[in-house]
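S.K.: Counting in numbering that gives the first Met the number 0, the sequence shown runs from 0 upward without gaps.
Any given hint might turn out to be false.
Calculated pairs, EDC-like style, for lysine to aspartate or glutamate (alpha carbon to alpha carbon, straight line, at most 16 Å) [stated by the list, open to error]:
id : residue 1 : residue 2
1  : Lys-15    : Glu-216
2  : Lys-195   : Asp-4
3  : Lys-225   : Glu-257
4  : Lys-15    : Glu-54
5  : Lys-15    : Asp-48
6  : Lys-225   : Asp-236
7  : Lys-15    : Glu-79
Hints are computed from structural coordinates only; laboratory data are not their basis.
Computed from a predicted structure; not experimentally measured.
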Amino acid sequence: MNRNDLAEFLRDRRSKVLPHDVGLPGGGPRRTPGLRRQEVAQLAGMSVDYYIRLEQARGPHPSRQVLQALSRALMLTGDERAHLFNLACEAPVQPSAGPRQDVPPGILRLLSQMEEVPAYVVDARYEILAWNTMASALMCGLESVPVGHRNVVRWVFTHPGLPEHMSSELSSRFARLCVADLRAAAARYPGDRGIKDLVAEMLALSPDFARLWAAHEVAVRRDQPKRLEHPVVGPVDVVCQVLDVPDRDQRLVVYTVEPGSPSMAALRRLRETAAAGSAPVYVPGPA
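The whole structure should be built from the sequences, with the hints applied where relevant.
M.R.: Take a look at the structure:
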């Protein structure tokens, strides 16, 4: 049980729930935004002293019933509820050795057979483990990036060309989702050195990452639209489909486009360009 992180998460979520959100009167001026500790305890059906001790990282291990009650009182989303349970070690956590990096053979075959659709596989650390030719062409040469640096989070927050590659609004939304998803992964793998090192690196290098990490948002990454600006074929509007790879905590990320759209024509031009130097799916070893 990570008492400090659990306490910090509870304090942060409490500050984001307003009295009228849960049917309570405002009660006059408040020193800080959000609910009072007494109100959370009342809503969760527990003593104020017990809840205060949880927020001060000195309380007993909360039961599943207590966690359920806190989830309801703080109006947690499904992803936030899962994160709360992970922090309290009441939800299954992955081995401390860290996320697996061996991509199943069936997924590798699928990648190689997806000739018209850009697709790649990432693990819980956002390391890109495997990709097809179209993904490399769309992302301007994944195979040229050194092993250990093919990381989506690192690219989003440190790549100097990102504003030219992705619209600013979508870039900001994507960055926010990446950080929220990485925080959820950090709770699933509390002992993973790779995630800890990535977070420390980004906190040191990127004020934007530090601001988003401090917000304590938790969300598992799901489908979303993107507009990519490619230097050869121009703008490409895609929907980023995120598919879970069973038993690996990996995701198959597939970029789809509207049939008959200019974006589909752009991908076909990109495929023709890539065909001249077509490369097989690349699978790096463990970084």
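S.K.: Hints the structure violates: just list their numbers, smallest first.
M.R.: 5
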